[in-house]
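**Student:** Chain by chain, the residues run as shown.
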Amino acid sequence: METGSPKDTGITRDARAGDEPVWTALPPGLLRMRRLLLVVWLGLLTAGLGVLLGWLAGPGWAAFAALPLALMVWGWVMLGRNWRSWRYAERADDLLISRGVLWREETVVPYGRMQLVEVTSGPVERHFGLASVQLHTAAAATDATIPGLDPAEAERLRDRLTELGEARSAGL
Amino acid sequence: MTAPGVDGALREARPVPERRLHPVTPLRRAWAPVAVLIGWAVHDPDQAQRQLTRLTTTTLLIALAVLVPAAALYGFLTWWYTHFAVTDSELRIRTGLVFRRTAHIRLERIQAIDVTQPLLARVAGVAKLKLDVVGADKKDELAFLGAEEARALRAELLARAAGFAPETAHEVGEAPSRELLRVPPRVLAVSLVLTGATWGSLAAALVVPTVLWLVTQSAWTVLATAVPLVGAAGAASVGRFVTEYDWTVGESPDGLRLDHGLLDRAHETVPPGRVQTVRLVEPLLWRRRGWVRVELDVAGSSNSVLLPVAPREIAESVVARVLPGVTVPPREALARPPRRAGRCVPLWWRGHGLAVTDTVFAARSGLLSRSLALVPHAKVQSVRLTQGPWERRWDVADVHVDTGAGKTVSARLRDAGEAAELLRTQAERSRTGRRDARPDRWMA
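Residue numbers (the working numbering), protein chains in the order written: chain A, 237 to 408; chain B, 674 to 1117.
Warning: the hint list may mix true and false statements.
What the hints assert, rightly or not - Simulated pairs of lysine to aspartate or glutamate, DMTMM-like, Cα-Cα distance not exceeding 20 Å:
(1) LYS801(B) - ASP937(B)
(2) LYS803(B) - ASP932(B)
(3) LYS801(B) - ASP932(B)
(4) LYS1080(B) - ASP379(A)
(5) LYS1080(B) - GLU341(A)
(6) LYS1080(B) - ASP1068(B)
Derived from the structure by calculation, the hints contain no laboratory data.
Please model the complete structure; the sequences and the hints are all you need to start from.
**Tutor:** And the structure:
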């Protein structure tokens, strides 16, 4: 993993709440999937636009097809930055999720407040061998989702969170 | 009995007495078809008018002569086929003429029971019992019961839900209530006059149709905008006065009792320990008089006003009763955001404030109408920190605290370092806050 705290090497899962959290970054699968989707869709758009403009308006106009291409390059970089910004940490009593580059957001969910942990995986995600873990609390505003995890890791996380949630369960 | 086997045999052994609703109930239903017709006429006036011109007086009378008895019969039959029974653990409602519906409501799932009396029901001496149940979107209600019977049933249900022995439950009676305060009608009227929203809605109701008339000269457009605007203005001024008239707060072992209403009397209970957030709202013109309005959020309940208007000290003492062990932080204790926050939110940054005590997270917002939101640490579901690019430029960040009633309380524009520290400590506090919290018992 290329991001996270320098203490990433010695993984101590039971780090105390007061200590520096042990961050885990997302596996590269999500980035690969997003970049592939970006290239496929914008590539199709570029080709379609280029052919259409060249046919209808002349070859000079076909240069406008470079716009989606520029978008693709920009999106490629942005996706990378966004992917690098995602990280989560399992602390002794709560789960931390941090994300976003320009609009940063950091969420803390105490294990005892979790009502339900979901592992979801759409058809595209499944093809790339990815799964997301979503946490639900009694508050609708709690927006705690970790996308693009390895299915095995997602299930491990789900089981661990459920187990911790039961141990520290609390009502509304 | 639906459940076969031993369970069924046990129930057969001690049959549960089934009861019917009050005999005036069919009258309410008798007018339902007429109400539907009127509703249709209001909803679609053009069509209704065309249809009406085709009718002669005789056909109209004949139609009424058929419809009203038919409706009365329908009302009578639905009343005849509606039964309810209270068992040791459930309230069972059996209803439906064509489509039968049997609802078994588990008593421990009941969050609150309200007794309401619409105007006509008050004349007839009957009341409606509304049940707030966890996880149910719509309120189940028993309409109508005799006023005395409704109170007694409410007391019995609450007593059984609280675990009193079934034999004695109906003898416990309604827990005695001690009046804490009563809002005088004059104060309520003055407070409404001093509220910006009242004047704003009135001004909108006057100005918008006038401008539209000058611009379009079309009576229909003006009418179409004026009616909802006047309605909103009425709801904001007269409507609020009517529902909040004679607001009485009483204390009883099963929670705070709220009685209010000029025409429709409502009788509500705020169960302690289920309040997620409390807001003290202070409109600009109330500040000199030191008045506040107290609103609250309870999970799974629609009750939202605790006190329409009261002096601050009294409001604080009432808040201390719904949130045990909580003191409202004084104005001086609220820390303002750093000066540079003004670059993000000009002027209004001054309205924001934050205080964290041992028991609550208190955040204030608003410049003219100030609103101080209190969340007990034990009720915090998750904590979030957000920071946009412009906020990053000025090194400030927002901290949001999510509660179970679907409400989020935000401490905006804190210093970034302070916000990060706040995020960490708040998560810790909300985790440990639960441990010291009192159990959610109604009757201790």
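**Student:** If a hint holds in the structure, say so; if it does not, say that too.
**Tutor:** Here is what the structure says about each hint:
Among the hinted pairs, LYS801(B) with ASP937(B) is consistent with the structure: their alpha-carbon atoms are about 11 Å apart, no more than 20 Å. A hinted pair counts as satisfied when its Cα atoms are at most 20 Å apart, and LYS803(B) with ASP932(B) qualifies at roughly 15 Å. With a CA separation close to 14 Å, the supplied pair LYS801(B) and ASP932(B) stays within the 20 Å bound. Restraint check for LYS1080(B) and ASP379(A): the C-alpha separation of about 13 Å stays at or below 20 Å, so the hint holds.
About 18 Å separates the Cα atoms of LYS1080(B) and GLU341(A), which keeps this hinted pair within 20 Å; it holds. Restraint check for LYS1080(B) and ASP1068(B): the C-alpha separation of about 26 Å exceeds 20 Å, so the hint is violated.
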